[in-house]
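Take the given structure of chain U and dock chain R to it, following the hints.
Chains as they are written, first to last, in this note's numbering: chain U, 28 to 331; chain R, 28 to 331.
Some hints could be false.
Said to hold, decoys possible - Mimicking PhoX-like on lysine-lysine, the simulated pairs with C-alpha atoms at most 20 Å apart in a straight line are:
1) U:K112 / U:K99
2) R:K286 / U:K325
3) R:K232 / U:K232
4) R:K226 / R:K242
5) R:K325 / U:K242
6) U:K276 / U:K286
7) U:K166 / U:K105
8) R:K242 / R:K169
9) U:K226 / R:K325
10) R:K276 / U:K325
11) U:K226 / U:K307
12) U:K166 / U:K226
13) R:K325 / U:K286
14) R:K167 / R:K276
15) R:K169 / U:K325
16) U:K325 / R:K242
17) U:K232 / U:K192
18) U:K169 / U:K325
19) R:K192 / R:K232
It should be emphasised that the hints constitute simulated quantities derived from the structure, not laboratory data. All values reported here derive from a predicted model rather than from experimental measurement.
Listed below, chain by chain, are the residues.
Number of protein chains: 2
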Amino acid sequence: MSLLIAGTIAFDSLETPHGNADRVIGGSCQYSSYAASYFTDDIRMVSIIGNDFPQEELNDLTSKGASLDGVKVVEEGKSFFWAGKYLDNMNERVTITTDLNVLADFDPVLPDHYRESEYILLGNLTPDIQISVVNQLEKKPKLVVLDTMNFWIDSAHDKLLEAIKLCDVLTINDEEARMLSGEHSLVKAAGKIFNLGLKYLIIKKGEHGCLLFDKNNVFFAPALPLAEVKDPTGAGDCFAGGLMGYIAKTGDASFENLKRALIYGSAAASFVVEEFSNHKIKSLSQSEFDERVEEFVKLSQFSL
Amino acid sequence: MSLLIAGTIAFDSLETPHGNADRVIGGSCQYSSYAASYFTDDIRMVSIIGNDFPQEELNDLTSKGASLDGVKVVEEGKSFFWAGKYLDNMNERVTITTDLNVLADFDPVLPDHYRESEYILLGNLTPDIQISVVNQLEKKPKLVVLDTMNFWIDSAHDKLLEAIKLCDVLTINDEEARMLSGEHSLVKAAGKIFNLGLKYLIIKKGEHGCLLFDKNNVFFAPALPLAEVKDPTGAGDCFAGGLMGYIAKTGDASFENLKRALIYGSAAASFVVEEFSNHKIKSLSQSEFDERVEEFVKLSQFSL
Numbered sequence: 028m029s030l031l032i033a034g035t036i037a038f039d040s041l042e043t044p045h046g047n048a049d050r051v052i053g054g055s056c057q058y059s060s061y062a063a064s065y066f067t068d069d070i071r072m073v074s075i076i077g078n079d080f081p082q083e084e085l086n087d088l089t090s091k092g093a094s095l096d097g098v099k100v101v102e103e104g105k106s107f108f109w110a111g112k113y114l115d116n117m118n119e120r121v122t123i124t125t126d127l128n129v130l131a132d133f134d135p136v137l138p139d140h141y142r143e144s145e146y147i148l149l150g151n152l153t154p155d156i157q158i159s160v161v162n163q164l165e166k167k168p169k170l171v172v173l174d175t176m177n178f179w180i181d182s183a184h185d186k187l188l189e190a191i192k193l194c195d196v197l198t199i200n201d202e203e204a205r206m207l208s209g210e211h212s213l214v215k216a217a218g219k220i221f222n223l224g225l226k227y228l229i230i231k232k233g234e235h236g237c238l239l240f241d242k243n244n245v246f247f248a249p250a251l252p253l254a255e256v257k258d259p260t261g262a263g264d265c266f267a268g269g270l271m272g273y274i275a276k277t278g279d280a281s282f283e284n285l286k287r288a289l290i291y292g293s294a295a296a297s298f299v300v301e302e303f304s305n306h307k308i309k310s311l312s313q314s315e316f317d318e319r320v321e322e323f324v325k326l327s328q329f330s331l
Numbered sequence: 028m029s030l031l032i033a034g035t036i037a038f039d040s041l042e043t044p045h046g047n048a049d050r051v052i053g054g055s056c057q058y059s060s061y062a063a064s065y066f067t068d069d070i071r072m073v074s075i076i077g078n079d080f081p082q083e084e085l086n087d088l089t090s091k092g093a094s095l096d097g098v099k100v101v102e103e104g105k106s107f108f109w110a111g112k113y114l115d116n117m118n119e120r121v122t123i124t125t126d127l128n129v130l131a132d133f134d135p136v137l138p139d140h141y142r143e144s145e146y147i148l149l150g151n152l153t154p155d156i157q158i159s160v161v162n163q164l165e166k167k168p169k170l171v172v173l174d175t176m177n178f179w180i181d182s183a184h185d186k187l188l189e190a191i192k193l194c195d196v197l198t199i200n201d202e203e204a205r206m207l208s209g210e211h212s213l214v215k216a217a218g219k220i221f222n223l224g225l226k227y228l229i230i231k232k233g234e235h236g237c238l239l240f241d242k243n244n245v246f247f248a249p250a251l252p253l254a255e256v257k258d259p260t261g262a263g264d265c266f267a268g269g270l271m272g273y274i275a276k277t278g279d280a281s282f283e284n285l286k287r288a289l290i291y292g293s294a295a296a297s298f299v300v301e302e303f304s305n306h307k308i309k310s311l312s313q314s315e316f317d318e319r320v321e322e323f324v325k326l327s328q329f330s331l
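Just chain U, with the same shape it has in the complex:
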């Protein structure tokens, strides 16, 4: 089934304890689309790029089943650029440069055939843009997932709450959940955030896995212990993309199916961090992906 993914397509420059990467491909829409492509070939990207984005990268996305009809190309502009540095433990990062470039004036207009998309993933963007995308839909989607970050919780708090009200699922990391709720305990934080009007809440804990909440249940999906994390960039985006790809493929947004979707999303995230940029997540075979999912089963399943 159809999956609309809104977010950024960008260049990233990264410094990590394992090396540096200069102006490599990044952006939430790009990462999520690759992760979703292992599940569905009806991906509708909503983003914006400048005249500097390599055609080859766009071709790679379309070859995976992603439509670029909703990706605006600004001929006289430059693509969004982010530079950051990961600290020793790889769980913390600092931003060195943010050049919004064409993203500064991004006001997406959905192509007509996007407006009846069934599954919607609103990647990390200003809440205004996320709201605008939802408002252009002509048919109530089956599930809307919203990803956000600390920057918007701080700088666009009320708009973010408005965006959350339009969504079914929020994905947020543990520190952001604490920030948004004012509660240290993730269980208490989840209770408060849940009441903003959500059907499901997903709290991501990076290398420590993630939690899925609905009104009465909680499920935990582990992260795969990896010998080496080279570049954490895109982990959250690939997680969300894999998760929504799986839901779009199965057409089932029940709690039981979201549990599975968390595992598939976690598998996607486990790949992207093993190499810089999108090198690994864009080039997996289906059997490599399936074997990785099997590792999650072995890692976490037991019988009493």
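Relative to chain U, chain R alone:
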């Protein structure tokens, strides 16, 4: 089957963000024994106390099936005392006072009927004492588990390695695993520590669960997300006690059974942190314990 548990019996004074507790019952041997008592009534405690330890508390332990024959009472001495403070996130603690008291001269002599114990849990103590306990065993035990802490990794490194060589399983937390191995990645750390001569390695990550490694496999047991952690003291001891209690009960030290044992240990740990001292872990009904284990199943089990 018989389970020997060596460790401390102590008074603790605690400061936490949820309040303070003054001279409450603590100690690794005491915590582990309570946790193990939900699985076996043949628990053989090895520890030392002074003349100040309440008889009522000792009676509570014997009523749960714990033998005190290996608990030396020093009539002219005082029990081990530890005072500490937990910082805001409850994952870090600082020691305020350590009064070794009778523990300073602890040189355990195992009662004869302890010397053929089948399962051995060496709680956090000096490696010298842990080695002495193993050396007094007259029959090769079925499984020896050793717990340790950063203090011994620092101050008694070579003795600790000697103790580890005598054991089948090491339980250690994530920061200690990094310290002992010099590796940040827990997978790499596990590889190095495993080669010290272990059959299994358990790396504890506190609220983030724990990992079980053997030569070829890895299993992850989550921690239960709790609305409130009042006092983390004893969590690791109850984890080890529940784990070894279950193994002693089932008489099965296979990887598959250790997976189950991790879940039972995690359930025991989830109780102790909900109240100060041993208040909760000593007074559960079997059905409360079983229901908690069921929560772990719901939390982590899925079908693809």
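Failing hints, ascending? Result: hints 1, 7, 10, 11, 15, 17, 18, 19 break, sorted rising.
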